[in-house]
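Visitor: For reference, the chains in residue letters:
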Amino acid sequence: MIAENNYRCSIVRIEDCLTTEKSSGGAMKSYRKELWFEVPTRRALINITPKVETCLKESGIKEGLVLVNAMHITASVFINDDEPGLHHDFEVWLEKLAPHEPVSQYRHNVAEDNADAHLKRQIMGREVVVAVTEGKLDLGPWEQIFYGEFDGRRRKRVLVKIIGE
Amino acid sequence: MIAENNYRCSIVRIEDCLTTEKSSGGAMKSYRKELWFEVPTRRALINITPKVETCLKESGIKEGLVLVNAMHITASVFINDDEPGLHHDFEVWLEKLAPHEPVSQYRHNVAEDNADAHLKRQIMGREVVVAVTEGKLDLGPWEQIFYGEFDGRRRKRVLVKIIGE
Amino acid sequence: MIAENNYRCSIVRIEDCLTTEKSSGGAMKSYRKELWFEVPTRRALINITPKVETCLKESGIKEGLVLVNAMHITASVFINDDEPGLHHDFEVWLEKLAPHEPVSQYRHNVAEDNADAHLKRQIMGREVVVAVTEGKLDLGPWEQIFYGEFDGRRRKRVLVKIIGE
Chain A
672 MIAENNYRCS IVRIEDCLTT EKSSGGAMKS YRKELWFEVP TRRALINITP
722 KVETCLKESG IKEGLVLVNA MHITASVFIN DDEPGLHHDF EVWLEKLAPH
772 EPVSQYRHNV AEDNADAHLK RQIMGREVVV AVTEGKLDLG PWEQIFYGEF
822 DGRRRKRVLV KIIGE
Chain B
672 MIAENNYRCS IVRIEDCLTT EKSSGGAMKS YRKELWFEVP TRRALINITP
722 KVETCLKESG IKEGLVLVNA MHITASVFIN DDEPGLHHDF EVWLEKLAPH
772 EPVSQYRHNV AEDNADAHLK RQIMGREVVV AVTEGKLDLG PWEQIFYGEF
822 DGRRRKRVLV KIIGE
Chain C
672 MIAENNYRCS IVRIEDCLTT EKSSGGAMKS YRKELWFEVP TRRALINITP
722 KVETCLKESG IKEGLVLVNA MHITASVFIN DDEPGLHHDF EVWLEKLAPH
772 EPVSQYRHNV AEDNADAHLK RQIMGREVVV AVTEGKLDLG PWEQIFYGEF
822 DGRRRKRVLV KIIGE
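Protein chains in written order, with my numbering: chain A, 672 to 836; chain B, 672 to 836; chain C, 672 to 836.
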């Protein structure tokens, strides 16, 4: 049921509201922390929002941007819902789009068996950038930050970098 | 027709040009606005480039970064072409990769029927970060910023956060 | 072999370490450069990490963020492994998810034949944001920045924008 014109020009209204302009002209600050993970399974989705909030408090930064990125190329940082049914759906869906087996289907799998993890991470994304407003993560009502592990069972890292004032 | 060696080492040249170095050492400024949407259909792609340009003018920021992100996890902000044929292709393609129906195929669909929207948004992405140069969005010739709605018919928001000087 | 509970709550430990807090309060600087490409084939993956490192050195910025984005909507900038087998896997996988042929399957392909390139780039992503720490790209051990060309044989650009202090 694809109606092409549904897919364009279908706005009732775009409103602007909740403007907060800031122009304090402060000095720039930066902050860096690594979060380390060791996931006992091959795959896992872990809510790291509280960890990132702690970093933000430690930084003392009130206005700026937070970058949260996987430092490994078989893992992801992404924002979505913290709901177990959905996480199961992600697992089934990613296996369909980029199946782990047969491992022989991938040329990358010579000494390793994680080619699918490199592909899955492209769909889920490497990083998120989140606004910092009045000292808080400026997230929507259901937005939660996740570490997506697709080739676990070893120590891996996420980088939290905050710049602002 | 996959030629592996086509896929690597196939550059004729990488040139550098159009350098603009800035080192004015100004004070950091920040700006925040929410754009609200109420899309009457389940799905829609809406060009929000003029809205983001207006935000940038309001901010007075000349050099920096703009973050534009969906604040809802069944929507996307992405950059691509403003061409109706392509938007139709996106609709068909996303339905193929993450079909809405049957809704019973997803465990997330208990009280809701929007699991596919959570998946579609992972492919299209949550956010874009755009450079600000000389007071303008530093976009390529065909780059346009879109709000991608995948579970509409209610009020939803996009965040525009600008930092710079 | 999908074990739902494998997919959640499976952390052994999340450790924090390697904290580097910076609060120097310096003045903000910015830097911009375009990298130009002319790829003789339709598709190619090109490691641009050394180019971005050169930009960072030129900028003199020690703490901040680097944005690297394709300025064209049929190309990508992404971070993954510099391994030829994996690049072949990406090629096969992207052709499966968003096939080039038959070109008639896409409505965008009226004067052009690159609809698939617009789709492939959504999976691979438009941009990366990388932290700058102590004057260096703050990348994990295997992270390399790539330009992904999906509709080459003409001049196209990547933008490098750095802000920080």
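None of these hints come from the bench; they were simulated from the model. Note that the Cβ used here is the ideal one computed from N, Cα and C, for glycine as well. There could be a bad hint or two in this list.
[Stated by the list, open to error] Restricting the straight-line Cα-Cα distance to at most 27 Å, the calculated cross-link-like pairs of lysine-lysine (BS3-like) are:
| no. | chain 1 | residue 1 | chain 2 | residue 2 |
| --- | --- | --- | --- | --- |
| 1 | B | K767 | A | K807 |
| 2 | B | K767 | B | K728 |
| 3 | B | K733 | A | K733 |
| 4 | A | K807 | A | K728 |
| 5 | C | K722 | C | K733 |
| 6 | B | K807 | C | K767 |
| 7 | B | K722 | B | K807 |
| 8 | C | K827 | B | K733 |
| 9 | A | K728 | A | K827 |
| 10 | C | K767 | B | K733 |
| 11 | A | K722 | C | K827 |
| 12 | C | K807 | C | K722 |
| 13 | C | K733 | B | K733 |
| 14 | C | K827 | A | K807 |
| 15 | A | K733 | C | K827 |
| 16 | B | K722 | A | K733 |
| 17 | A | K722 | A | K767 |
| 18 | C | K722 | B | K767 |
| 19 | C | K728 | C | K807 |
| 20 | A | K733 | A | K722 |
| 21 | B | K767 | A | K733 |
| 22 | B | K722 | B | K827 |
| 23 | B | K807 | B | K728 |
[What the hints assert, rightly or not] According to the in silico footprint, chain B covers these stretches of chain C (three or more CB under 8 Å from chain B):
| no. | region |
| --- | --- |
| 24 | 780 to 792 |
| 25 | 796 to 802 |
Visitor: All hints are to be evaluated individually against the structure, with a verdict given for each.
Guide: These are the hints, each one checked on the structure:
no.	hint	result
1	B:K767 to A:K807	violated, 38 Å
2	B:K767 to B:K728	violated, 40 Å
3	B:K733 to A:K733	holds, 21 Å
4	A:K807 to A:K728	holds, 8 Å
5	C:K722 to C:K733	holds, 17 Å
6	B:K807 to C:K767	violated, 38 Å
7	B:K722 to B:K807	holds, 13 Å
8	C:K827 to B:K733	holds, 25 Å
9	A:K728 to A:K827	holds, 24 Å
10	C:K767 to B:K733	violated, 43 Å
11	A:K722 to C:K827	violated, 40 Å
12	C:K807 to C:K722	holds, 13 Å
13	C:K733 to B:K733	holds, 21 Å
14	C:K827 to A:K807	violated, 39 Å
15	A:K733 to C:K827	violated, 38 Å
16	B:K722 to A:K733	holds, 25 Å
17	A:K722 to A:K767	violated, 31 Å
18	C:K722 to B:K767	violated, 37 Å
19	C:K728 to C:K807	holds, 8 Å
20	A:K733 to A:K722	holds, 17 Å
21	B:K767 to A:K733	violated, 43 Å
22	B:K722 to B:K827	holds, 15 Å
23	B:K807 to B:K728	holds, 8 Å
24	780 to 792	holds (count 6)
25	796 to 802	holds (count 4)
Taken one by one, the earlier hints fail for this structure at numbers 1, 2, 6, 10, 11, 14, 15, 17, 18, 21, listed in ascending order.
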